[in-house]
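Given the coordinates of chain A, assemble chain B onto it according to the supplied hints.
There are 2 protein chains.
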Amino acid sequence: MASKASNPRGTRDLLPEVMVQREYILEILKTTFRKYGFLPIETPALEKLETLTGKYGEEGDRLIFKVLPRGDKFEKAFREGDAQEAREKLNHNLEEALRYDLTVPFARFVVQNHNALHFPFKRYQIQPVWRADRPSKGRYREFYQCDADVVGSSSLWQEVDFIGIYKQVFSDLGLPIRVKMNHRKVLQGLTEKFGVENDFQAFTVALDKLDKVGLAGVQKEMSERGLAQGALDALAFVAGLSGSNTEVLSQLEAEISETTSGKAGLEEIRFVIDACSELGQEDVLDLDFTLARGLDYYTGAIFEVKAVDLELGSIGGGGRYDDLTGIFGLKDLPGIGISFGLDRIQLALEEKGLFPAMTHSGTDMLMVNFGDKEALFANKLAAQLRELGLKTELYPDAVKMKKQLDYANKKGIRYVLLIGSQEMEEGLFTLKDMQEGSQRKLGAIELLEAFNTSQNNKHAKH
Amino acid sequence: MASKASNPRGTRDLLPEVMVQREYILEILKTTFRKYGFLPIETPALEKLETLTGKYGEEGDRLIFKVLPRGDKFEKAFREGDAQEAREKLNHNLEEALRYDLTVPFARFVVQNHNALHFPFKRYQIQPVWRADRPSKGRYREFYQCDADVVGSSSLWQEVDFIGIYKQVFSDLGLPIRVKMNHRKVLQGLTEKFGVENDFQAFTVALDKLDKVGLAGVQKEMSERGLAQGALDALAFVAGLSGSNTEVLSQLEAEISETTSGKAGLEEIRFVIDACSELGQEDVLDLDFTLARGLDYYTGAIFEVKAVDLELGSIGGGGRYDDLTGIFGLKDLPGIGISFGLDRIQLALEEKGLFPAMTHSGTDMLMVNFGDKEALFANKLAAQLRELGLKTELYPDAVKMKKQLDYANKKGIRYVLLIGSQEMEEGLFTLKDMQEGSQRKLGAIELLEAFNTSQNNKHAKH
Numbered sequence: 001m002a003s004k005a006s007n008p009r010g011t012r013d014l015l016p017e018v019m020v021q022r023e024y025i026l027e028i029l030k031t032t033f034r035k036y037g038f039l040p041i042e043t044p045a046l047e048k049l050e051t052l053t054g055k056y057g058e059e060g061d062r063l064i065f066k067v068l069p070r071g072d073k074f075e076k077a078f079r080e081g082d083a084q085e086a087r088e089k090l091n092h093n094l095e096e097a098l099r100y101d102l103t104v105p106f107a108r109f110v111v112q113n114h115n116a117l118h119f120p121f122k123r124y125q126i127q128p129v130w131r132a133d134r135p136s137k138g139r140y141r142e143f144y145q146c147d148a149d150v151v152g153s154s155s156l157w158q159e160v161d162f163i164g165i166y167k168q169v170f171s172d173l174g175l176p177i178r179v180k181m182n183h184r185k186v187l188q189g190l191t192e193k194f195g196v197e198n199d200f201q202a203f204t205v206a207l208d209k210l211d212k213v214g215l216a217g218v219q220k221e222m223s224e225r226g227l228a229q230g231a232l233d234a235l236a237f238v239a240g241l242s243g244s245n246t247e248v249l250s251q252l253e254a255e256i257s258e259t260t261s262g263k264a265g266l267e268e269i270r271f272v273i274d275a276c277s278e279l280g281q282e283d284v285l286d287l288d289f290t291l292a293r294g295l296d297y298y299t300g301a302i303f304e305v306k307a308v309d310l311e312l313g314s315i316g317g318g319g320r321y322d323d324l325t326g327i328f329g330l331k332d333l334p335g336i337g338i339s340f341g342l343d344r345i346q347l348a349l350e351e352k353g354l355f356p357a358m359t360h361s362g363t364d365m366l367m368v369n370f371g372d373k374e375a376l377f378a379n380k381l382a383a384q385l386r387e388l389g390l391k392t393e394l395y396p397d398a399v400k401m402k403k404q405l406d407y408a409n410k411k412g413i414r415y416v417l418l419i420g421s422q423e424m425e426e427g428l429f430t431l432k433d434m435q436e437g438s439q440r441k442l443g444a445i446e447l448l449e450a451f452n453t454s455q456n457n458k459h460a461k462h
Numbered sequence: 001m002a003s004k005a006s007n008p009r010g011t012r013d014l015l016p017e018v019m020v021q022r023e024y025i026l027e028i029l030k031t032t033f034r035k036y037g038f039l040p041i042e043t044p045a046l047e048k049l050e051t052l053t054g055k056y057g058e059e060g061d062r063l064i065f066k067v068l069p070r071g072d073k074f075e076k077a078f079r080e081g082d083a084q085e086a087r088e089k090l091n092h093n094l095e096e097a098l099r100y101d102l103t104v105p106f107a108r109f110v111v112q113n114h115n116a117l118h119f120p121f122k123r124y125q126i127q128p129v130w131r132a133d134r135p136s137k138g139r140y141r142e143f144y145q146c147d148a149d150v151v152g153s154s155s156l157w158q159e160v161d162f163i164g165i166y167k168q169v170f171s172d173l174g175l176p177i178r179v180k181m182n183h184r185k186v187l188q189g190l191t192e193k194f195g196v197e198n199d200f201q202a203f204t205v206a207l208d209k210l211d212k213v214g215l216a217g218v219q220k221e222m223s224e225r226g227l228a229q230g231a232l233d234a235l236a237f238v239a240g241l242s243g244s245n246t247e248v249l250s251q252l253e254a255e256i257s258e259t260t261s262g263k264a265g266l267e268e269i270r271f272v273i274d275a276c277s278e279l280g281q282e283d284v285l286d287l288d289f290t291l292a293r294g295l296d297y298y299t300g301a302i303f304e305v306k307a308v309d310l311e312l313g314s315i316g317g318g319g320r321y322d323d324l325t326g327i328f329g330l331k332d333l334p335g336i337g338i339s340f341g342l343d344r345i346q347l348a349l350e351e352k353g354l355f356p357a358m359t360h361s362g363t364d365m366l367m368v369n370f371g372d373k374e375a376l377f378a379n380k381l382a383a384q385l386r387e388l389g390l391k392t393e394l395y396p397d398a399v400k401m402k403k404q405l406d407y408a409n410k411k412g413i414r415y416v417l418l419i420g421s422q423e424m425e426e427g428l429f430t431l432k433d434m435q436e437g438s439q440r441k442l443g444a445i446e447l448l449e450a451f452n453t454s455q456n457n458k459h460a461k462h
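Top to bottom, those sequences are chains A and B. When we follow UniProt numbering, the leftmost residue of the first sequence carries the number 1, and every step to the right adds one. When we follow UniProt numbering, the leftmost residue of the second sequence carries the number 1, and every step to the right adds one.
Simulated from the structure, these hints should not be mistaken for lab results. Don't take each hint at face value.
If chains are identical, the list can't say which one is meant, so a pair holds when it fits in one copy or spans any two.
What the hints assert, rightly or not - In the DSSO-like style, the derived pairs of lysine-lysine whose C-alpha atoms are separated by at most 27 Å in a straight line are:
(1) LYS331 <-> LYS410
(2) LYS76 <-> LYS411
(3) LYS137 <-> LYS352
(4) LYS89 <-> LYS400
(5) LYS30 <-> LYS391
(6) LYS48 <-> LYS89
(7) LYS331 <-> LYS220
(8) LYS48 <-> LYS209
(9) LYS331 <-> LYS411
(10) LYS76 <-> LYS263
(11) LYS76 <-> LYS391
(12) LYS89 <-> LYS76
(13) LYS380 <-> LYS410
(14) LYS4 <-> LYS48
(15) LYS4 <-> LYS55
(16) LYS373 <-> LYS263
(17) LYS30 <-> LYS4
(18) LYS410 <-> LYS432
(19) LYS331 <-> LYS403
(20) LYS209 <-> LYS89
(21) LYS331 <-> LYS4
(22) LYS76 <-> LYS48
(23) LYS373 <-> LYS180
(24) LYS352 <-> LYS212
(25) LYS380 <-> LYS180
(26) LYS263 <-> LYS180
(27) LYS48 <-> LYS403
For reference, chain A alone in the conformation it holds in the complex:
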């Protein structure tokens, strides 16, 4: 009996049109990472459950997809064995799970492969992750993360590099962005100054929701969580800052530079801002002292990227951490990382019509099939066109021309070449330009020359 064809809830199929767009984005990401000295790694989708458990908070733990122990031993116990025994078997053998993000597996990777890596180690990683979340519009149970990290150095030049990478990638994509920056030590200094340093974590968790619930919402949450009045004052202070990067920095310096953390954080920020300004990349950067980033492991600069004029949420983010690998027993390995939100970047480019024409089509030329003899002839020519880099296909069956032209139209193939028996005899073929709606007759050499030139022009443009 036939099974119904459907994919699990919260997952999706990626069709060619979407894939070609994603590959366009990923190509720019990878090229930029490489230009800054990053190299790719991959980790397995399956991790030991103990590697993941306890790293994402209680809520996160619940969303980890666990994999049933191997083989039929367990299935048998469940179907036929003693129920109590089956339960115990499962509980004791539930050992593997699907990765929940790329950060914890990367930390595990660094510790495990420590001796094979050269530090400072710069890697990028582009792989799917899984979360047993309630699926909703735009929220999937399986989605890609694109991360770049450096571990093994606390140099602030890396903050500068990552801002440069953000600027380069989105400039190549043609998407105007703002990179928001803050510093966890500045936030710490702030809570010290306002006398709520003991509530630092609760303060940042509430502050992190500013985008979603607004100022009043954060105030309400802080009150409900029983935070002291100082927290509300600190919130009012940072939310009230405005002006250029230098201006808000000065206002903050006046307020918190006598606190140890505040001073240290502000110095680092000033270094990064000055370097960015010298390197001509400050134009994408906004100091935003309300930025919190919910994750506990950040200890230094934190970033968040938004597309200008789009209601999309963040399309990237990251920050510096002191001790990500400590959980796996390797202490004092500082690092910094950023990520890109592939799905949202795709949405943003789509919405702004920023995908170049090349991403809409695959094949450059379709050879019409008039029968075996003609098809063989066409195939010989196709081989030569492919040598020139032209994506060329023969329609597989000698069906009505209308059907073949339909196929070209639907697939967005620009050129169609007609080689019938008469054309073969004459040595002159009809080339249709489906985009311009024109056609002309030309010989094999002329054809090859025409596309050799157009390929060279294409390369010259890049």
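Just chain B now, kept in the frame of chain A:
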């Protein structure tokens, strides 16, 4: 407490050196697929269990990784609830699993997205699959498959295209190969001729093991399975064939062309061979009538690819099928597909030393860090070199030069640029070529020109 850093048995981390090699191979695969009009798709790692069950035989079913139902409801039932109830809950809710191959998900994809696709639909797909197999050397529980398929046409030009793709890919990789071809209908004709047509399936399953267990092994298995003497005679006949493609084809024609299946299969083979010969791609092709391919769904031409002079097993394979989507309710959609074995191709290139030098290194140039002022200066130059396409990084910390040069050596970085305070004043920098062990002094413009030229040369070579 620190967790131990280790990955699950049968999985692996891919380090940069390995990843760069894999990307080199995948780039050639993708470029070739694209040149023949194929476009990428992806399907989710998670499929409904019912989509996968019953498609891979009993043995296959046992190797499917099942995923525990979502959320803590089940975990709670297992830890705290009634054991019997917990067991039933699991049995009734075990609904999702990790994909076992790319073929069944592709069939599901085609049926589900039928209305959005243009037929004949040509796709390639490069994604990991999971099998709960016993791990051993070179056999992993998580590994990549690279497939290309066309569905919606039974034109033999596609057999010709796929042989062309195999030839092109391995010629670009520099790896000599043989593509073995047979045809399921020829095998059918053979069993008819030898009077064992009712044991066709058992015959092909046994024949499929020829590579592993040898002729005597297959004979033994056929006897043990109770196959009639005809099966042994058929085996002896095909194993005894030798000579050029045309010669073995003629010998077989003489023997089985009066059977309906045999005749049909031989005609198709002849068409493919003739076309390949006309297109200059017969040189990689070997007719091998002992080739069986274990999978039941093949109905026409079948292929297997081996690297010449390497004991590796097959590095690719595939074949034509009539009705892959029938299991999901869409009848009469013929297709053909091939796959590439990424891991084995990588092993083969490694063993023969065929990876080009560019795959061993990431960064082209390291800027030595002498302190913040010098680093800023270096970073400005780095930005310009990146504009030229040069992969350039600044060593993040101003540590001893030896340590920085060590890093360059270990990462295989060819050029190192020294910009100290004196060099900044003079406007003349020291460029070390770590490969040639030489160094020279040059100014910024001279440097940019030198690498602009060398980048252009690099492109010109491709």
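Hints and how they fare:
1. LYS331 <-> LYS410: Between copies only: 23 Å across, 57 Å inside.
2. LYS76 <-> LYS411: neither (49 Å within a copy, 51 Å between copies)
3. LYS137 <-> LYS352: within (20 Å within a copy, 50 Å between copies)
4. LYS89 <-> LYS400: Neither. Shortest intra-copy (63 Å) and inter-copy (56 Å) distances fail the 27 Å Cα cut-off.
5. LYS30 <-> LYS391: Both: 23 Å inside a chain and 12 Å across chains, each within 27 Å.
6. LYS48 <-> LYS89: Both: 17 Å inside a chain and 24 Å across chains, each within 27 Å.
7. LYS331 <-> LYS220: neither (39 Å within a copy, 60 Å between copies)
8. LYS48 <-> LYS209: neither (32 Å within a copy, 36 Å between copies)
9. LYS331 <-> LYS411: Only across copies: LYS331 and LYS411 sit 24 Å apart there, 54 Å inside one copy, limit 27 Å.
10. LYS76 <-> LYS263: neither (63 Å within a copy, 48 Å between copies)
11. LYS76 <-> LYS391: Answer is neither; intra-copy 52 Å and inter-copy 55 Å both fail.
12. LYS89 <-> LYS76: both (11 Å within a copy, 15 Å between copies)
13. LYS380 <-> LYS410: within (25 Å within a copy, 47 Å between copies)
14. LYS4 <-> LYS48: between (33 Å within a copy, 10 Å between copies)
15. LYS4 <-> LYS55: Classified as between; 14 Å across copies, 38 Å inside a copy.
16. LYS373 <-> LYS263: Answer is between: at 22 Å across copies they meet the 27 Å cutoff, but 80 Å inside does not.
17. LYS30 <-> LYS4: neither (38 Å within a copy, 31 Å between copies)
18. LYS410 <-> LYS432: Within one copy, since 15 Å is at most 27 Å while 54 Å is not.
19. LYS331 <-> LYS403: Intra 66 Å, inter 21 Å, cutoff 27 Å: inter-copy only.
20. LYS209 <-> LYS89: neither (42 Å within a copy, 37 Å between copies)
21. LYS331 <-> LYS4: Classified as between; 13 Å across copies, 51 Å inside a copy.
22. LYS76 <-> LYS48: Classified as both; 23 Å inside a copy, 20 Å across copies.
23. LYS373 <-> LYS180: For LYS373 and LYS180, only the inter-copy Cα distance (25 Å) is at most 27 Å; the intra-copy one is 63 Å.
24. LYS352 <-> LYS212: within (23 Å within a copy, 57 Å between copies)
25. LYS380 <-> LYS180: Result: close only across copies, 23 Å inter versus 56 Å intra.
26. LYS263 <-> LYS180: Intra 20 Å, inter 71 Å, cutoff 27 Å: intra-copy only.
27. LYS48 <-> LYS403: neither (53 Å within a copy, 36 Å between copies)
The structure fails hints 2, 4, 7, 8, 10, 11, 17, 20, 27 (numbered hints given earlier, in ascending order).
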